[in-house]
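These protein sequences, in sequence, are chains A, B and C.
First residue of the first sequence? That's 30 in this note's numbering, and the numbers climb one at a time after it.
First residue of the second sequence? That's 445 in this note's numbering, and the numbers climb one at a time after it.
First residue of the third sequence? That's 5 in this note's numbering, and the numbers climb one at a time after it.
A hint or two may mislead.
[Stated by the list, open to error] Pairwise CB distance ranges (calculated): (1) A:Glu-117 / B:Ala-801: 47 to 57 Å; (2) B:Gln-880 / A:Ala-120: 54 to 64 Å; (3) C:Gln-43 / B:Gly-800: 28 to 38 Å; (4) C:Asp-124 / B:Ile-794: 25 to 35 Å; (5) C:Ser-49 / B:Asp-918: 28 to 38 Å; (6) C:Ala-85 / B:Arg-902: 15 to 25 Å; (7) A:Glu-117 / B:Pro-859: 22 to 32 Å; (8) C:Gln-43 / B:Thr-992: 51 to 61 Å; (9) B:Ser-818 / A:Asp-138: 42 to 52 Å; (10) A:Asp-138 / B:Ile-794: 48 to 58 Å; (11) B:Glu-984 / C:Val-118: 26 to 36 Å.
[As the list claims (entries may be wrong)] Taking beta-carbon pairs under 7 Å as the criterion, some of the chain A residues facing chain B (in silico): (12) Met-42; (13) Pro-106; (14) Gly-129; (15) Thr-143; (16) Lys-145.
No lab work stands behind these hints: they were computed from the structure.
Since we're looking at a predicted model, the values are computed, not measured.
By construction, the Cβ of each residue, glycine as well, lies at the ideal position given by its N, Cα and C atoms.
Listed below, chain by chain, are the residues.
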Amino acid sequence: MSSILAVDDSASMRKMVSFTLEQAGFEVVQASDGQEALRVAGEKAVDLVLTDVHMPGMDGIELIKALRALPDYRHTPILTLTTESSAEKKAQAKTAGATGWIVKPFTPDKLIGTIKMLLG
Amino acid sequence: MSMDLSEFLAVFFEECYEGLSAMEAGLLALDAGCTDAEAINTIFRAAHSIKGGSATFGLNEIPQFTHALETLLDQMRNGRCTVTRDAIDLLLESVDCLREMVDGTKAGTELNAKRIALVQRQLENMLSIGESASEPIASPAAKEHPSADKSNPSCWQIFFRPHAHMLQSGNDPYRLFRELATLGHLQVEADLSSLPSWVELKPESCYLAWKLWLEGELAREQILEIFQWVEGDCDLKVEKVEERADETQAQAESEVLGERQADIPNEVSSPSATGAKNERAGAGQNTGSIRVNIEKIDVLINLVGELVITQSMLNRFGEDFEQLHMNGLRDGLIQLTRNTRELQEAAMHIRMLPIGASFNRFPRLVRDLGNKLSKRVELSMSGENTELDKTVLEKISDPLVHLVRNALDHGIEAPEVRKAAGKPETGLLQLCAYHQGGNIVIEVKDDGAGLNKEKILRKAQEQGLVSASDTFSDEQVQNLIFQPGFSTAEKISDVSGRGVGMDVVRKNINDLGGHVQIRSEANKGTILTIRLPLTLAILEGQLVRIGTEIYVVPLTSIVESLQVEPTRVSSIAQRTGLYKLRDEYISIIRLAQVFHGHSHALDRGQLVVVEADNRRVGLAVEEMLGQQQVVIKSLETNFQPIRGVSGATILGDGRVALILDVPGLVQGCIDRSLTPIAA
Amino acid sequence: MTAKAHSDGATMQAQTGTHQYLTFLLAGEEYGVDILSVQEIRGCSSVTPIPNTPGYVLGVINLRGTVVPIVDLRKRFGLAAAEFGATTVFVVVRAIGLDRHRTMGMVVDAVSDVYNISPDEVKPAPDVGNAIDHDFVTGLATVDDKMMILLNIDRVMNSSVSEPLQTH
């Protein structure tokens, strides 16, 4: 079973994403900000990381940079959850090493489909 | 969407409210002249979160509105738009509007479209005054698959050369090809020409390129969409082939899909149990807290209450046994007492919240009210982290609002008046909270006009509360404002002063088992001190015996207790008993008389001096027994409220003992004869 | 009082309109209350008196951790007072009021029996010269040549809960 790390400072988003992905057969771990995500990622390597961009403390961009520096996460798919209007953020994320993005709002099917595509 | 998101919605709404509060607090802080980028960022993030979340949950009006709001905040944090007072006022108005929208969405009622449109227009105006256009929000539908030219099958040739570092973003060509293959029939040919020698080969770089042919009913946009993540990280050319690929090309292909870089696969360790899921109580804070249904807490509190009763029951037996081998039992009981006390305190604390939750409405309130009354007020708060029981917190909120309104309306003077009096034009209102003994103390201080003794006396005489000939101490005069229907406002503003206020405030505080005191000095200001117990379930009590019955006097009311010295007892008109306590005379309430209709001789008993509403009274009892914690049982559940009694408790021996309501008792005795205390 | 008696009573009432009544003695007279209201029967225990209440409210007792008021029916109905005897018990009932339910107890001289009484066996009580408030009595029934006064226990108990008195 593939595992996914979902990072978002909004509990309702995390729950929704977790619920959706778990229904689809994935194992999901959650983190509410960049620091926690790094810690969780360090404890156990996940197969994919899904992260919000705007978070207090360490934001999504910083998290991506930090993850890419970890040996286990050099090529792990990392997706940002972003809204339409953040073209700038998409570019920043890419530069930081993100694999791609999923635009909010997204349907559960889109989320599952994208992740399944990435994880084969 | 086939999934039921309703349970997440509840959490989402909670987060919205928290986010809105954070925005409001942040905006008010900005108002004070702070232009901290991080502060604006926090406000922005809250708006962004609400927008993103509401869009995801399909609540469409909110994202539309929040978009303009978010854009304005974005420009502010980029420095493209200045933070003006007007902007802040508009943003505060937007927060109110948004809060209303969330309320409406949550309750399923119709939203106030006019207000929303108006505020949104104002936001857009402000945006166009500032920098140029925000990106228009794309409705969710816009992300749909562009309609392909499905009628005709087409053939596309794709040249794809990833840049060397493309793999480092976790993008895998194989995955891209898999996606392409879902669109139609795919053939792939690899170009190995750029592969360097093994020595020079860097495992994480990509040296391959591909030629792909894709046939099917699809449009160019669909192909480009698949490559959108790697745009800029590769060379990509997509060409429509007008004729179908001929035989020769088809033959030349061989799928090279199996060829992969050695380092691409991730290590997948077998998943173990997921880590702790930390849910946060507040957006933007990681306090490690958890939401619990309050009924569960009450069950726990009740169980602890039963434990306290059982433990005191056992303690009784422990006291009776003297034998040596009972020492073990006694030690066990001491341990049990300690465990029970700690458990009970812990359970109590679960129900406690910081008073900041109630205080945080005041900056906004003071600002708006100050504007409305044309008064300049600075609000200073301290002790926001002081914790108290959730129910007490909820019930003290309205009284506090009333006191603050009063302070602003009647206390703090208009700027000109203050200036004339030699005070700074801006008045100071202080709210502070701290723990003292087993209580929480809340103070509301203003440096305003203070209570006007003459005015109060005059009003009281008008209302027939007192007669003209009585003399009163300052304290007694100040206490008159707590009488029902009392108000010295010249005209009743709609802010406060309808006279329904102070007596209700005091009653509410008393009902919670607390006290309120007022101290005021003309022209200097007024201090209102509220004292509240930390819990409503358990109280520390002094057991007293009157006749054959045992009563409990809350320790928080007790000032001191003493053996009656008959020489100090005197009376007025043979009726009212008085006791000379050092320099003052205090009334004696013979509880036996009040409760049982007959009394014992005073010289045999003890006097428990209690304080209620700035007044000291001595309760005459026959005997003082021990002090202990008692679990409060309501009399109202199966019976009715009783004057002078705030509840009952079950003692260790199973008997029911009544808990005295000291303020109610004192007031009840006074009602029959308002006797001023001679100074 | 068993749960079975309750459910039997409820079933019977639903089916035939016949009520089961618990009867008790008070100053030589037989009274009955609908068994569905009766929660339990307790032996006498010490009662904590409460101030500022009518004389017929004896006080409160501890019923397994709940504080329950006890009404002295003799005083309530204006009958001669009497000491507690060997058979004196507290009948604990659940009284349904406008605003809520209350668990309350009443002092009776002795408990008699449980009888099935159908609606046609119940005659109205004459409303002249009644010692007891007419509202309290739902009717009279004759069982085994004995006259039974059927009480509207909800009214009896709820009316015992009055507004807080201003003076004692």
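Can you list which hints this structure breaks, lowest number first?
1, 3, 4, 5, 6, 7, 8, 9, 10, 11, 15 and 16
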